Every structure is written in C-alpha cells, then in structure tokens.
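Colleague: Listed here are the chains, written in short residue letters.
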Amino acid sequence: MKESITKKIFNALNERFQLDNLISFLKHKSVPKYRNTIWYYFGGISLLLFIVQVTTGILLIMYYKGSEDLAYESIKFINTKVSFGWLIRSIHSWSANLMILAIFIHMFSVYFLKAFRKPRELTWYTGVILLFLSMGFGFSGYLLPWDELAFFATKVGTDIAGQLPLVGDFLLKLLRGGEDVTGATLSRFFGLHVALLPGIFVVFLTMHLIVIQRQGMSEPEEWKNKKESEKETIPFFPNFAVHDLLIWLIVINILAILATFFPWELGPKADAFASAPVGIKPEWYFLFMFQTLKYIPAKVWFIEGELLGIFTFGLAGLLWVLVPFWDSKTPKGKKNKIINYVGIFVISFIIIFTIIGYLLD
Amino acid sequence: MVEKEKKEGKKSRRDFLNILLSGGFIAWLGAVIYPLISYLRPPQIEVVKVNSVNIGKVTNMEKDSGKIIKFGNDPVIVIRLADGEYRAFSASCTHLDCIVQYRQDYGQIYCACHNGRYDLHGRNISGPPPAPLAKYEIAIKNDEVTVYKPSV
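Chain order of the listed sequences is A and B.
Those letters in the first sequence? Residues 64 to 424, per the numbering used here, in order.
Those letters in the second sequence? Residues 37 to 188, per the numbering used here, in order.
Treat the hints with care, since some could be wrong.
With the Cβ distance kept under 7 Å, some of the chain B side facing chain A (calculated, not the full set) [unchecked claim]:
| hint | residue |
| --- | --- |
| 1 | Pro71 |
| 2 | Ser74 |
| 3 | Pro79 |
Here are the computed distance ranges between Cβ atoms for each label pair [stated by the list, open to error]:
| hint | chain 1 | residue 1 | chain 2 | residue 2 | range |
| --- | --- | --- | --- | --- | --- |
| 4 | B | Trp64 | A | Glu131 | 34 to 42 Å |
| 5 | B | Leu53 | A | Pro326 | 33 to 41 Å |
| 6 | A | Ala75 | B | Lys171 | 57 to 65 Å |
| 7 | B | His150 | A | Lys236 | 45 to 53 Å |
| 8 | B | Gln80 | A | Pro326 | 22 to 30 Å |
| 9 | B | Leu156 | A | Lys236 | 56 to 64 Å |
| 10 | A | Glu242 | B | Val83 | 37 to 45 Å |
| 11 | A | Phe324 | B | Gln80 | 22 to 30 Å |
Source of the hints: derived by calculation from the structure; they are not laboratory data.
None of these values were measured; they are calculated from a predicted model.
Built from N, CA and C at the ideal position, the CB exists for glycine as well.
Just need the whole structure built from these sequences, with the hints factored in.
Modeller: Next comes the structure, spelled out in structure tokens:
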C-alpha cells in the first residue's frame with residue numbers, strides 16, 4: 064500500500080518533469096576508479112562545508128547585531144546566553160577553515176591530475192573564483208565579532224589593498240567606508256559577508272556544478288589511449304554517492320569534535336586606541352603571503368618592497384589561474400613536467416612559509 | 037524446516053542491521069535537531085519590574101489630551117479629561133496589540149490599525165477589540181502625578 068503511494072507520487076512527478084531522464088543520467092554518470100580516486104571526494108567535501116556555513120550563518124544572523132556598539136556584545140551574548148550558541152558559532156568558524164582547506168586540496172589535486180585541461184577550463188576558472196570568494200568570506204567574516212584580532216587583521220588587510228598604485232586610495236576607502244577601520248567598515252563587511260558574497264558565490268557554484276555534470280568526471284591522463292572496456296569506473300549513483308555520504312559523515316564528525324573540544328575564542332573588544340597585541344597573525348590561509356611580505360626589504364632597487372610583494376603574488380596568482388592557457392603540452396597528449404614542478408614549488412612555498420609564520424615571531 | 041530457519045535467521049540479521057542503521061540515523065537527527073531548536077528559542081532577558089511611574093506635575097498635561105508613557109516594557113496611555121481628571125490604561129489594543137491613542141474629536145480612545153474604539157473608561161465600544169483596556173491607577177500627591185500598576 065505504502066509503496067503504491069510513493070509509486071503514484073513518482074509517476075505523477077515523472078509525467079510532469081521526466082524524472083526518467085534524470086535517473087538514466089545518474090545511472091550513466093561514473094567516476095574513474097584508479098589510485099587517485101580519493102581526490103575526487105574533496106569537491107564534495109567543500110560543498111558540504113559550504114552548506115554547513117550557510118546553515119550556521121543563517122542561525123548566527125538571528126542573534127548577531129552588525130554595529131560598532133553591539134557586534135562584540137551580541138557575539139558574547141551568543142557565546143554565553145543562547146543555548147548552544149557557542150557551538151553554532153564554533154562550528155561556523157571551524158567549518159570556514161576546513162572549507163578553505165578542502166578547497167585548497169581540491170584545487171591542487173585538480174591541478175596535479177591536470178583536470179583543468181580542455182574541455183574543463185571553465186570548471187577550473189569558476190573553481191578558482193570560488194576559492195577567492197571563499198577567502199573574501201573569510202576576510203570579511205573575521206571582522207564581524209569586532210574583537211582585537213579582527214580589528215587589526217582588517218586594518219592590515221585593507222592597508223595592503225591601499226598600497227596599490229592609482230586605485231589603492233579608492234579601494235581602501237571603498238573597503239573601510241572611510242579613512243579608518245570603524246563601524247562603517249563593520250557595516251560594509253557585514254553586508255559583504257551575508258549578502259553580496261553569498262549571491263555571487265551561488266552563481267559561480269551553480270556554473271561550476273553544471274559544467275561538471277555536463278562534462279562528466281575528468282579521466283586520468285594515462286587513460287587517453289585506453290579502450291572504453293578497459294576503463295574501470297564506479298557508478299556515481301549509488302556507489303560513489305554512498306561513499307560520498309560516508310565521507311561527509313566523517314567530516315561532520317571531525318567538525319563536531321573540533322567545534323566542541325576547541326571552541327572558537329573571542330578576544331577583548333576592539334579598541335582603535337590600543338596597541339596591536341604581540342604575536343598577531345592573519346588567518347592561516349593568508350599567513351604565507353603575510354610572512355613573505357615581512358622578508359622583502361623596504362626598498363628593492365627603486366620599487367617599494369610591499370608593492371613588489373603584492374605585485375609578485377598578484378602575477379603568480381594570475382599565472383596560476385591561467386594555467387590552461389600556458390600548458391600547451393598536456394592537451395597534445397604529452398607529459399608536461401613543468402606543470403608538476405610549478406605545482407610542487409607552489410605547495411612547498413605555501414607550506415614552508417605557513418610553518419615559518421607559526422614558528423617564528 | 038532447516039531451510040526455513042536459515043532463511044529466518046538471514047532475515048533477522050538484516051533486520052538487526054536495519055534497526056541499527058535507522059536507529060543510529062534517528063539518534064544523529066536528534067543530536068542535530070535538539071541543539072537547533074534550543075538555539076532558536078531566545079533566552080529570557082530579565083526586565084526590571086516597574087510598579088509605578090512618575091509623570092511630573094499635574095499642570096504638565098493639558099486638559100482634554102492624552103499621551104503614551106513607558107511603564108517598564110509596556111506602553112500605557114495617560115489621559116487628562118476636559119474636567120482635569122487623570123486616567124490611565126494599558127495602551128495595547130486588545131485586538132491585535134497596536135498602540136491606541138486619545139482622539140479629541142471623538143472624545144474616545146481610538147486604535148488606528150482597525151478602527152477600534154474604547155470609551156474613557158477603557159471599555160471597548162465599537163470595532164474589533166474583544167475586551168476592555170486594562171486600567172492603571174493614578175495618584176496625585178503634592179501636585180505630582182504617579183501611575184500605578186493596578187492592584188489585582
């Protein structure tokens with residue numbers, strides 16, 4: 064009886080929306096099975112953490128007050144008065160960090176597996192944009208509790224933007240809503256964090272997901288000359304999806320453990336006339352850049368050191384994004400070792416400078 | 037017979053796994069939903085209890101006029117009648133909680149939201165309000181007007 068009702072509902076929906084197409088699509092979708100299959104899960108993990116961010120973010124807005132006088136107090140209220148408020152906030156902060164980490168791993172695995180090559184350039188570009196947007200989320204969200212660290216991180220971050228030639232001054236005032244980091248900055252960052260960025264993010268995420276579904280999973284390079292019958296694949300549904308679910312469960316558990324046993328802290332309230340605390344650091348995903356800037360002398364030849372650093376990172380970032388353009392060998396089926404060397408260099412650079420950033424000073 | 041038992045054994049193993057899995061899922065769901073619901077319930081914010089509010093000298097208010105005062109967290113309407121007498125009522129309309137006003141032209145208490153009307157004793161006389169406005173007490177001492185919570 065019960066089954067016939069579900070069947071009736073299915074038939075009614077199928078008649079209107081041709082669910083058969085969707086099901087046969089899901090049936091045919093497959094994931095290549097080989098030694099690197101594990102990396103195919105990290106996009107899904109990033110997606111899961113984004114969903115966690117949206118959910119906990121909506122919950123936090125219910126009590127958060129985005130103003131200079133009330134922001135810090137409202138976070139304190141969430142942490143101490145609202146039941147499970149500390150947990151929701153802690154999950155939001157931890158999940159943000161894990162999401163950036165998952166996206167980094169996802170990006171590097173796509174890079175090394177050369178999944179950015181034709182015809183998947185658009186997937187790569189939208190993906191990198193999503194990473195940048197996520198870092199924008201991280202940067203803008205960091206200010207919202209309006210504590211000491213948040214205040215100085217924003218001061219330094221926006222100051223770096225202000226050093227750009229020509230547009231710097233405009234950019235600085237645009238970000239800060241004035242000359243200094245004040246309540247006006249908080250209002251702008253709040254709007255950015257909960258309205259503008261989510262809107263843009265969803266657009267690019269939708270594009271990213273649609274092109275992936277349209278083209279199917281990227282196959283490894285060495286499969287190029289294999290016959291269809293020799294390729295070993297796992298069906299996406301239900302096999303891969305169940306694995307996905309299992310991994311999501313593991314990630315949620317890790318998140319719950321981190322959020323519960325290492326609850327996110329709230330420093331002293333921001334004070335524009337207090338000294339910056341000793342040992343202040345940006346979030347880890349900005350640390351390698353921050354650390355590098357420390358080692359560049361104030362003046363290199365006739366260029367300002369800071370500016371040189373910003374331009375070098377800008378240029379490196381641009382080259383990284385445009386890898387489908389300058390990688391001319393892989394599309395022709397040849398191995399391009401330079402890609403791997405560049406990738407290894409970038410990863411080592413990020414890891415080494417992040418570690419130095421944490422250990423020294 | 038043996039065959040049948042074997043079959044049943046197989047079935048119960050599967051049942052056991054099903055119960056374990058769905059039980060685990062339900063427990064997980066509970067662990068997510070319980071904190072969520074508790075989070076959504078706003079914590080009680082303590083309000084300072086107010087028993088009386090001084091609204092100043094008798095001559096402060098003109099005759100045949102009304103004003104809304106803050107009585108703790110509640111709005112209260114104070115009316116000075118044409119003959120100089122003071123009266124006070126809860127200003128929350130008993131219909132849908134709008135705040136009422138004194139209308140000189142009607143000589144009544146009026147709610148602008150849905151045309152509710154009360155007479156100057158707070159009784160609902162026309163429109164949708166289902167009950168009279170709660171009465172507050174007035175005491176005048178040394179020319180000072182004080183509004184009291186009704187002693188129930």
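Colleague: So, for every hint listed, does it hold in this structure?
Modeller: Hints and how they fare:
1. Pro71: This hint holds: B/Pro71 lies near chain A, its Cβ roughly 4 Å from the closest one there, short of 7 Å.
2. Ser74: holds (4 Å)
3. Pro79: Where the cut-off is 7 Å and the nearest Cβ of chain A is about 5 Å from B/Pro79, the hint holds.
4. B/Trp64 with A/Glu131: 34 to 42 Å: holds (40 Å)
5. B/Leu53 with A/Pro326: 33 to 41 Å: Distance hint for B/Leu53, A/Pro326 holds at roughly 36 Å.
6. A/Ala75 with B/Lys171: 57 to 65 Å: For B/Lys171 against A/Ala75, whose Cβ atoms are near 60 Å apart, the range 57 to 65 Å holds.
7. B/His150 with A/Lys236: 45 to 53 Å: holds (49 Å)
8. B/Gln80 with A/Pro326: 22 to 30 Å: holds (23 Å)
9. B/Leu156 with A/Lys236: 56 to 64 Å: holds (58 Å)
10. A/Glu242 with B/Val83: 37 to 45 Å: holds (41 Å)
11. A/Phe324 with B/Gln80: 22 to 30 Å: With Cβ atoms ~29 Å apart, the hint holds.
Taken one by one, the earlier hints all hold for this structure without exception.
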